[in-house]
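**Q** Given the sequences, and given the hints that come with them, work out the whole structure.
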Amino acid sequence: MRFQAALMMVALVVAASWGGTFAAAQDGPLRIEITEGVIEPLPFALPVFEAETGDAGALATQISQVVAADLTGTGLFREIAPSAFISNVTSFAAPIQYADWKAINAQALITGAVAVQGTQVNVKFRLYDVFSGAEMGDGLQFTGTVEGWRRMAHKVADAVYSRITGEGGYFDSRVVYVSETGTKDARQKRLAIMDYDGANVQFLTDSSAIVLAPRFSPDGRRVLYTSYETGFPRIYVLDVGSVQRRVLESQEGTMSFAPRFAPDGQTIVYSLSQGGNTDIYAMNINGGNVTRLTSAPSIETAPSFSPDGSQIVFESDRSGSQQLYIMPARGGEARRISFGPGRYGTPVWSPRGDLISFTKQNSGRFHIGVMRVDGSEERLLTASFLDEGPTWAPNGRVIMFTRETQGEQGRSTLYSVDITGRNLRPVRTPEGGSDPSWSPLLQ
Amino acid sequence: MKLTRNILLLVAGLALAACTDATRFGADGTGAGGAGAGGPIVPGSANDPTSTAFFNQTVGDRVLFAVDQSDINDAGRTTLEGQAQWLLANTDFTAVIEGHADEQGTREYNVALGARRANAVREYLISRGVAGNRLRTVSYGKERPIEICSSEACYQKNRRAVTVLAGGLTG
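For the protein sequence lines, the chains are Z and L, in the order given. Heads up: the first sequence begins at 1 in this note's numbering, then just goes up one per residue. Heads up: the second sequence begins at 1 in this note's numbering, then just goes up one per residue.
Keep in mind the hints are simulated off the structure, nothing from the lab. Every clue listed holds true.
Label pairs and their calculated CB-CB ranges:
(1) THR145/Z <-> ILE146/L: 45 to 51 Å
(2) PRO328/Z <-> SER127/L: 36 to 42 Å
(3) SER151/L <-> VAL373/Z: 34 to 40 Å
(4) GLN141/Z <-> VAL67/L: 56 to 62 Å
(5) ARG292/Z <-> SER127/L: 25 to 31 Å
(6) VAL373/Z <-> ALA75/L: 41 to 47 Å
Idealized CB from N, CA, C, for every residue including glycine.
**A** Below, the structure written as structure tokens:
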């Protein structure tokens with residue numbers, strides 16, 4: 001029931017963003033139907049963007065394809081095959097023949113134009129509400145490098161998504177993760193970074209040492225991670241641009257792991273094991289000002305800040321099993337927020353501040369779930385042999401996580417899912433993947 | 001489904017039995033006397049009681065743990081008594097105790113759990129007189145299983161703490 005209510009909210013948000021057209025179209029095709037928990041995707045037409053310069057043809061086709069793939073990948077939109085088109089949009093400036101698009105049931109029409117000047121590419125687009133016969137918002141244009149053309153496509157798709165759903169976009173973003181090869185007993189791991197959709201993969205470390213759980217800085221320029229390169233788990237910070245890294249913590253006789261940035265980009269929280277006991281600490285990104293935040297004989301790990309930086313959600317087995325707790329950012333009394341059956345771990349605060357995503361283990365199954373900050377309205381989004389390690393899209397609407405299959409051929413793959421539990425899909429990576437961390441929207 | 005599960009259980013049972021036999025065989029070898037009496041002692045080989053091979057194979061380099069636990073059980077205590085005696089007799093060696101977990105747990109928690117297990121072994125050895133500065137610990141969490149099936153037959157071997165000897169103190 002709760003699940004349905006959430007879907008309903010999505011539908012309302014999507015419908016409401018069409019503003020005045022909603023009422024008029026309520027009985028017409030613009031309405032988004034919810035049938036047994038599935039939203040009918042909104043049909044859109046996207047004629048190949050016009051090439052405004054002679055050498056922009058190939059790029060115009062590629063950009064058009066990426067915009068369409070971004071939108072259909074959300075599960076909220078459906079692309080109408082160009083073979084069904086009655087009108088051809090040969091010029092970006094030409095007037096729209098709404099009847100031709102209405103006839104093929106395109107509710108949204110996206111037109112665009114691409115110009116190449118030297119190493120720069122300029123992409124313009126317009127979005128039309130076909131059934132109200134009007135443009136939605138103003139035309140926009142983006143300029144960037146030819147090499148970075150995919151970003152221009154993602155920016156167009158973000159603007160379209162945002163106008164139609166009323167939500168922030170998330171396509172112009174990156175994911176840092178652990179790329180994996182080999183069987184479970186000989187697994188090779190190395191850090192990799194890619195666009196949110198799996199394109200442009202770049203490796204950041206070699207696989208000579210185990211690496212775990214990379215985490216983006218709030219500006220997306222640095223990554224915290226754990227590496228065994230000294231033989232012991234240690235926290236490193238890596239500059240994405242220069243691929244230079246340095247160790248942050250190397251106290252003899254300790255192990256440090258599970259680091260994460262505070263929203264200020266200066267403070268980090270992490271776990272430190274000493275004498276078999278694991279607690280949560282904070283330090284400055286330069287390695288100074290180490291503060292112990294928990295002091296219990298139990299395991300305290302996987303800390304994650306609230307977006308305002310005032311609180312930390314973490315996991316602890318102080319009650320006898322893994323559960324979720326929230327404490328002030330400077331440490332102090334913690335309140336438990338997870339109370340359902342099973343074990344809860346790897347909590348991550350939503351960038352919107354309203355939800356906490358987590359891994360749940362119950363009756364031999366693993367789930368990715370979300371709950372409100374007070375622990376209410378727990379909702380499990382996935383179920384499998386082993387799902388873990390959620391990370392939030394910048395708009396707080398989509399979660400990416402690790403799914404590992406069982407048995408001797410077991411392999412890790414990145415998946416994404418909406419916070420409604422809809423649109424579960426694998427993220428294509430060249431090798432296996434685990435421990436994703438989603439960047440903020442790129443600047 | 002039910003049939004498949006029963007077969008899995010049967011397979012798990014067989015593997016368990018095989019494992020128990022192997023352990024008993026090792027224990028019946030009764031250490032130095034048994035191994036050394038078989039023939040000439042080749043330095044560094046498994047019948048040289050001062051060798052790493054002897055420690056690993058005859059004394060036993062690892063102890064196993066119950067699900068989500070770090071308590072040392074009876075079999076583990078027997079192994080650790082042997083390890084302690086060996087380390088007290090072979091003072092040139094240091095050791096890194098590696099803690100491990102099975103795959104049924106989240107990554108960070110399993111690192112912390114492996115740390116508990118490694119530390120439990122370290123504390124035991126210290127309580128038997130081994131100097132703490134000879135024993136370091138590291139946790140691999142669930143990153144380095146030795147068995148890769150997804151059933152208890154494998155999991156029980158992966159929930160382990162392994163005492164890995166390092167070169168002599170004096171070199």
